[in-house]
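Generate coordinates for the entire structure from the input sequences, incorporating the hints supplied.
Here the protein sequences line up with chains A and B, keeping their order. Residue 444 in our numbering sits at position 444 of the first sequence; the count goes up by one each step and never skips. Residue 236 in our numbering sits at position 236 of the second sequence; the count goes up by one each step and never skips.
Wrong hints could be hidden among the right ones.
Okay, derived cross-link-like pairs now, DSSO-like style, lysine-lysine, Cα gap no bigger than 30 Å in a straight line [said to hold, decoys possible]: (1) A:Lys23 to B:Lys11; (2) B:Lys288 to A:Lys390; (3) B:Lys37 to B:Lys175; (4) B:Lys7 to A:Lys185; (5) B:Lys197 to A:Lys390; (6) B:Lys11 to A:Lys27; (7) B:Lys175 to B:Lys78; (8) B:Lys263 to B:Lys197; (9) B:Lys139 to B:Lys37; (10) B:Lys252 to B:Lys78; (11) B:Lys7 to A:Lys437; (12) B:Lys288 to B:Lys263; (13) B:Lys11 to A:Lys28; (14) B:Lys102 to B:Lys305; (15) A:Lys263 to B:Lys11; (16) B:Lys288 to A:Lys263; (17) A:Lys423 to B:Lys288; (18) A:Lys185 to A:Lys390; (19) A:Lys437 to B:Lys74; (20) A:Lys437 to B:Lys25; (21) A:Lys423 to B:Lys171; (22) B:Lys7 to A:Lys27; (23) A:Lys185 to B:Lys11; (24) A:Lys428 to A:Lys305; (25) B:Lys7 to A:Lys28; (26) B:Lys7 to A:Lys23; (27) B:Lys25 to A:Lys390; (28) B:Lys25 to A:Lys423.
Okay, the calculated beta carbon distance ranges per label pair [claimed, not checked]: (29) A:Ile6 to B:Thr104: 51 to 57 Å; (30) A:Gly397 to B:Asn210: 54 to 60 Å; (31) B:Asn210 to A:Ile401: 29 to 35 Å; (32) A:Lys437 to B:Arg136: 38 to 44 Å; (33) B:Asn210 to A:Asp101: 55 to 61 Å; (34) B:Arg136 to A:Phe16: 35 to 41 Å.
It is worth saying that the hints were derived from the structure and are not from the lab. Computed from a predicted structure; not experimentally measured. Glycine is no exception: its CB is placed at the ideal position from the N, C-alpha and C atoms.
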Amino acid sequence: MLFNSIEFLIFFPIVFILYWFFKSSHKKQNILLLISSYVFYGWWDYRFLSLIIFSSFLDFYVGKKIESSPKKEEKKKWLIVSLCSNLGLLGVFKYYNFFADSFADTMSFIGWEVNDLTLNIILPVGISFYTFQTLSYSIDIYREKINATKNMVSFFTFVSLFPQLVAGPIERASNLIPQIEQNRKLNISLIKTGFLQIFIGLFRKVAIADNLGVYVDSIYANSDIHNATTLLIATIFYAFQIYFDFSGYSDIAIGSAKLLGFKFNRNFNLPYFSRTLTEFWRRWHMSLSFWLRDYLYISLGGNRKGIVLTYRNLMLTMLLGGLWHGSSWNFVIWGGIHGLFLSIEKYIFSSLKISTFNVLGYIYTFLVVLIAWIFFRAQDFDTASSIISKIFVLDFGSLFIGNLNQFVNGILLLIIGLMIDLKLFNAKIALEDYGDKYNIVRLSLIISVVILMLCLFYSTTENFIYFQF
Amino acid sequence: MNTRIIKELIKVVTMTIILSFVIDKIVFHTLNWISDKVYTGQSIGKLNQFLQIKDSKEVLVFGNSRANHHIDVKILGKSAYNMGVDGTGIAYSSALLNTLEKGTKQLIIVHIDTKNFFDNSYDGSDIKGLKIKYNRNEKITSFLNSSGHISIIQSFYKSLNYNGKVIGIIKNFYKPNYDYKTYNGYDPLFVNESDEKARDFILKIEDDHNCERKYQVNEIAMDYLKKIKVISESSKKQYLFITSPIYNDKCKKDNDILKEIMKQQNLQYIDYTDFFKGNNNNQFWKDKTHMTQSGAEKFTNELLKQVQFASKTN
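The structure is reproduced here in structure tokens:
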């Protein structure tokens, strides 16, 4: 079920009313949430519910085993069970064809022809997100940061809670399970901030991102016939499309969770207002970048084992972070570009004893991110390199506009989106808290204007970009 | 959740519904007022002009961008208008045909493409381009209602009718693109010298053809064709269905099936897909499916012969 669908418009109010009807018992609320979450997920493909249920069973059991094992080795053994099972499932469903293809290509390169090993596998929506969520649960118990939950319904709800099930934010058990296991309360602040965030999220997604997406799709589908000017504009549009698409999704998820009495962690913090790439990663898809930092970078040794290993760890983390997004070398290269520039920054900061760049850093960061997005968006490596070479040999010419109406709408909406971000940046306030500033009349007025903008500018209903990951 | 919270929640929801309803109506009526004065641009101007002159023309052309850019109606006579609109299909055309006065003698040229008829994803949603006239033009409204493309939300938030079109309407209200009184609906395409290389490159690209695939007729397109047939039978107009040229059409199976369908429906149809075969020239093309002005001129002159023949037989 998509957040930007009529189904969700009916589904959410029903769940909301029933949920608060059981306000005296959080256990009943959890059962309702679990059922609703399975309905929400099953709306896409009920067969893959079995995967979530299996993953939940496994980690619930393994979590208890890790906690109850008296010896460190035994705890480690159970952690490995969790890691292998979760990553194994992810590997089969997400990466099998990628590795089978790459293996066949390598063999063919050295002269051995291998039969086609790829399988017709459907990627279950949200598998990367809930796998990371369940993994963090097992690892945190192993690290003795949290206790294993005794309540199966609570744990299953934690894994499948519908606002964040298919595309995050990747919530940690330490934040979410305690909220699941106690009575939730709805207050005026949550209502105001939640409503505003949902509608701003919808605006970001269906008005800004989807309008920009129409132009981006048309250019990237025929990138070989367009000049550098057009490709550059399409890539800039894509940079904002993916930002507004994913941050819009996160806003709807966080806002919906607020209306159910939950507080999710922030997932985006105006990432394009970053002076360094390091800062960008503290502001972009924060739940993933912090996950990679805490469970991968630190597990590899972080910066505690010397300068060479620090760079290796950084590079490995970003390469694997890239691969997390999808089974394609383009994502690996995308991660590699980020890893390389993060390493360069680390070197510069430690050599010059500085912690950030001056205002030109905003442009530098945006340019690096922009170049990396080309690999993220292009169909394959050849397309991405052809786009980059066109841009770098300055093959500029007249801009291809296509549908003028659509193009102008895209620019107008982008300006509005950026103005909202600029206002938040200058006011040093998060969108998560913004609704609190207004009384109910003003808030309703603002939401009404957003609804009007949605009516006038919504574009074709497209899937959220991050659903494919 | 205590009573105070419930009250506040109801207050937010109710106020939002009321305020958004009021704002929507203000904007909707303002846009109606503005759009009724716009006669240029494809967002609404062309439709307004069409609705004003539709029964006074002898020849009318309907269809998508290929109709719009391929049929130079000036060649067909002074009293001709091209109502081809980018991104539209047979659903849009049939709704417009329904607005014509039945008693007026006219030649109606309907441009159709195999794409609509054998594309499983075609859902007739191009008719949504007429939402701007929803509840403001009886005949268009009846077609829209039966199309299944009007959502329940639409009856509450009426400004949805202007989705994606506001900027174009406002721009054309303040600064019309052209003098609509001299406009005949035909929009010629040109290729600049600087774009010729790119055009030649596009024309050279080999498409993936799977001519052996099963060509399943799209039921929605078929339904609209039947609706046009009913409209044509109840009027004094002469209908001519055409498919204009394509740069290099390698599959003929779809064309043959479409010809057969038109024959079964007893509709006069001419397939010009291969019109340029043997004497093709890149100068005639903007891309593989759209002709430049010179291509359109050559093609319309050929079409004129058929139109003259039709006039004699009518």
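Against the structure, the hints come out as follows:
1. A:Lys23 to B:Lys11: holds, 20 Å
2. B:Lys288 to A:Lys390: Distance of about 24 Å is within 30 Å: holds.
3. B:Lys37 to B:Lys175: holds, 12 Å
4. B:Lys7 to A:Lys185: holds, 15 Å
5. B:Lys197 to A:Lys390: Answer holds: Lys197 (chain B) to Lys390 (chain A) is near 16 Å, not above 30 Å.
6. B:Lys11 to A:Lys27: holds, 29 Å
7. B:Lys175 to B:Lys78: holds, 27 Å
8. B:Lys263 to B:Lys197: violated, 41 Å
9. B:Lys139 to B:Lys37: Satisfied, since the Cα-Cα distance of roughly 21 Å is no more than 30 Å.
10. B:Lys252 to B:Lys78: Between Lys252 (chain B) and Lys78 (chain B) the Cα gap is close to 35 Å, so the pair fails against 30 Å, i.e. violated.
11. B:Lys7 to A:Lys437: Between Lys7 (chain B) and Lys437 (chain A) the Cα gap is close to 19 Å, so the pair holds against 30 Å.
12. B:Lys288 to B:Lys263: holds, 27 Å
13. B:Lys11 to A:Lys28: Within the cut-off at roughly 27 Å; holds.
14. B:Lys102 to B:Lys305: holds, 26 Å
15. A:Lys263 to B:Lys11: holds, 23 Å
16. B:Lys288 to A:Lys263: violated, 54 Å
17. A:Lys423 to B:Lys288: violated, 46 Å
18. A:Lys185 to A:Lys390: violated, 56 Å
19. A:Lys437 to B:Lys74: Roughly 61 Å separates the two Cα atoms, so the pair is violated.
20. A:Lys437 to B:Lys25: Satisfied, since the Cα-Cα distance of roughly 28 Å is no more than 30 Å.
21. A:Lys423 to B:Lys171: holds, 28 Å
22. B:Lys7 to A:Lys27: holds, 25 Å
23. A:Lys185 to B:Lys11: Satisfied, since the Cα-Cα distance of roughly 18 Å is no more than 30 Å.
24. A:Lys428 to A:Lys305: violated, 37 Å
25. B:Lys7 to A:Lys28: holds, 24 Å
26. B:Lys7 to A:Lys23: This hinted pair holds, its Cα atoms lying about 16 Å apart.
27. B:Lys25 to A:Lys390: violated, 49 Å
28. B:Lys25 to A:Lys423: The given pair, whose Cα atoms are some 29 Å apart, holds under the 30 Å limit.
29. A:Ile6 to B:Thr104: 51 to 57 Å: violated, 41 Å
30. A:Gly397 to B:Asn210: 54 to 60 Å: For Gly397 (chain A) and Asn210 (chain B) the Cβ distance comes to about 34 Å; the hint is violated.
31. B:Asn210 to A:Ile401: 29 to 35 Å: Holds, since Asn210 (chain B) and Ile401 (chain A) (Cβ atoms, about 32 Å apart) stay within the stated range.
32. A:Lys437 to B:Arg136: 38 to 44 Å: Distance hint for Lys437 (chain A), Arg136 (chain B) holds at roughly 40 Å.
33. B:Asn210 to A:Asp101: 55 to 61 Å: violated, 23 Å
34. B:Arg136 to A:Phe16: 35 to 41 Å: holds, 37 Å
Hints 8, 10, 16, 17, 18, 19, 24, 27, 29, 30, 33 from the list above are not met by this structure, while the remaining hints are.
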